[in-house]
Structures are given as C-alpha cells and as structure tokens.
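Sequence lines, in order, name chains H and X. Start counting the first sequence at 1; every next residue gets the next number (our numbering). Start counting the second sequence at 1001; every next residue gets the next number (our numbering).
I should point out that these hints are in silico values taken from the structure, not numbers from a laboratory. Every residue, glycine too, gets a C-beta built ideally from N, C-alpha and C. Incorrect hints may have been included.
As the list claims (entries may be wrong) - When the alpha-carbon atoms are kept at most 30 Å apart in a straight line, the in silico DSS-like pairs for lysine-lysine are as follows:
1) 1068/X x 14/H
2) 1098/X x 9/H
3) 1003/X x 1041/X
4) 9/H x 1041/X
5) 1068/X x 1041/X
6) 1068/X x 1003/X
7) 9/H x 1056/X
Stated by the list, open to error - A few chain H residues that don't get close to chain X, going by computed Cβ distances all over 10 Å:
8) 33
9) 59
10) 73
11) 82
12) 85
13) 97
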Amino acid sequence: NAGVTQTPKFQVLKTGQSMTLQCAQDMNHEYMSWYRQDPGMGLRLIHYSVGAGITDQGEVPNGYNVSRSTTEDFPLRLLSAAPSQTSVYFCASSYSSGGGYTFGSGTRLTVV
Amino acid sequence: ELKVEQNPLFLSMQEGKNYTIYCNYSTTSDRLYWYRQDPGKSLESLFVLLSNGAVKQEGRLMASLDTKARLSTLHITAAVHDLSATYFCAVYLSGTYKYIFGTGTRLKVLA
Chain H
1 NAGVTQTPKF
11 QVLKTGQSMT
21 LQCAQDMNHE
31 YMSWYRQDPG
41 MGLRLIHYSV
51 GAGITDQGEV
61 PNGYNVSRST
71 TEDFPLRLLS
81 AAPSQTSVYF
91 CASSYSSGGG
101 YTFGSGTRLT
111 VV
Chain X
1001 ELKVEQNPLF
1011 LSMQEGKNYT
1021 IYCNYSTTSD
1031 RLYWYRQDPG
1041 KSLESLFVLL
1051 SNGAVKQEGR
1061 LMASLDTKAR
1071 LSTLHITAAV
1081 HDLSATYFCA
1091 VYLSGTYKYI
1101 FGTGTRLKVL
1111 A
C-alpha cells in the first residue's frame, strides 16, 4: 500500500497565484484532514472531511478551499497565495473518527 | 476552545538519562495520541491512550494519561541518540472529528 500520497513535495509561488495541493490515500479511510505546520505552533487543522461530499472547517480555514468528490482524494486549494501561507502542509487520513492518523510526507510551500 | 500545551518546548539531554515530556489540555477528551517527527519528515504514530490511567510502553518510551488532571506524560528512560526527534501530543475533541496538536517538544539526545 502507498498510504497517503502528497504532491508536490516542494513548491514556490508568487503572491496572488493559486494552486492545488494533491492528497490521495489508498486505505479506504473515510476521514481526511489537512494541517499546516509552522515553527513553534505545532500542527493546525485547516479543513477536514468525514466522507465523500462532506467537508468542514478547522482552526485556520481562511484562504483555503477543499472538496471531496471521492473517498481517495482530498485536494487543498490556495485561492490567492499570500506570504503568510508559507508553511509545511500535511495531509492525513484515519479509518475512524477517533482513530490515529496516517500522515503524508508533506508539501513545503514558499510564497514570495 | 481546546488548548493543548506541551513542555518543555526544547529538551537537550545526555544519553542514559531519564526525562518526562508533559502534555496539558484544557477540556475533556477521551483519547490522546503521541506522534514522533524526525527532521524534514512526516509524523509517525507512537501511542494511543484511550482511558484514564492508560499506560503504554514501547522500548524506552512510556506514555500515560490522567483524564481528571487533563495531563499526559511521555517518559523517556535511559535516552539514546536515536530518540532525537520532535514529539507531539494530539488531543481528540469527542464528537467533532478534530484533533488538536500540541506545539511539540524538540528532543536532542547528546552522545
């Protein structure tokens, strides 16, 4: 099994550009989440999904959109990139609402 | 709003020594996870603690949970260099599908 696959691993954007971070899992997990990791702040929840067609906001949703058209995929869209969105982004999935996460390898995003 | 605090944030210790990392949280929860992250890598699940008084051990790491005190500890016994990493606790908000992570403890074990 590949687990949770994130692409790209690295990305540099200019302010105002848009892009989509891809996340796919092959474990048939219903629950998927996006986190951002910033120094000294741990991981903060951006958006999450409890199944295909169902998404909700986390702690820091502004500037990001998500959709969940299939169980496998949970892309994160940056609408208009800002330097404050420079971060490492992790996608994670879980087999149940209280189950532990399997994390992807992360995407390091720099907005200049 | 659930707040999760870890301390210390940074820990430098000699090989062979013992130490404890603390994770305090501000509201009730019925489960807590500990994760490890190596530099530049993803997070790896270490332990899940599901009830008051739960204790889990693997190798030199032992985690415990006191839900009444809203406190979890990660105890390191006779540290070795390979344990150098950042450790996170994550508290589950019951019924919300959300986990809130602590700020992490960066552990460096000196040979």
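Now for the hints, and whether the structure bears them out:
Straight-line distance between C-alpha atoms of residue 1068/X and residue 14/H comes to about 48 Å, which puts the hinted pair past the 30 Å bound. Between residue 1098/X and residue 9/H the CA atoms are separated by roughly 25 Å; this keeps the pair inside 30 Å, and the hint holds. For the suggested pair residue 1003/X and residue 1041/X, the alpha carbons sit about 25 Å apart, so the restraint of at most 30 Å is met. Restraint check: the Cα-Cα separation between residue 9/H and residue 1041/X comes to about 11 Å, which is no more than 30 Å; the hinted pair holds.
Distance check on the hinted pair: residue 1068/X and residue 1041/X sit about 34 Å apart at the alpha-carbon level, beyond 30 Å; violated. Between residue 1068/X and residue 1003/X, the direct Cα distance comes to roughly 16 Å. Compliance with the 30 Å bound is thereby established for this hinted pair. Between residue 9/H and residue 1056/X the alpha-carbon distance is near 34 Å, which puts this suggested pair outside the 30 Å criterion. A Cβ of chain X approaches the Cβ of residue 33/H within 10 Å, the least distance being about 8 Å, so the stated non-interface status is violated.
Residue-level check failed: residue 59/H sits 8 Å from the nearest beta carbon of chain X, not beyond 10 Å. Distance check for residue 73/H against chain X: the nearest CB is about 18 Å away, which clears 10 Å, and the non-interface claim stands. The claim that residue 82/H lies off the interface holds: its Cβ sits roughly 23 Å from the closest Cβ of chain X, which is beyond the 10 Å cut-off. Distance to chain X confirms residue 85/H as a non-interface residue, since its nearest Cβ pair spans about 19 Å, more than 10 Å.
For residue 97/H, the non-interface assignment is contradicted: its Cβ lies about 5 Å from the closest Cβ of chain X, within the 10 Å cut-off.
Taken one by one, the earlier hints fail for this structure at numbers 1, 5, 7, 8, 9 and 13, listed in ascending order.
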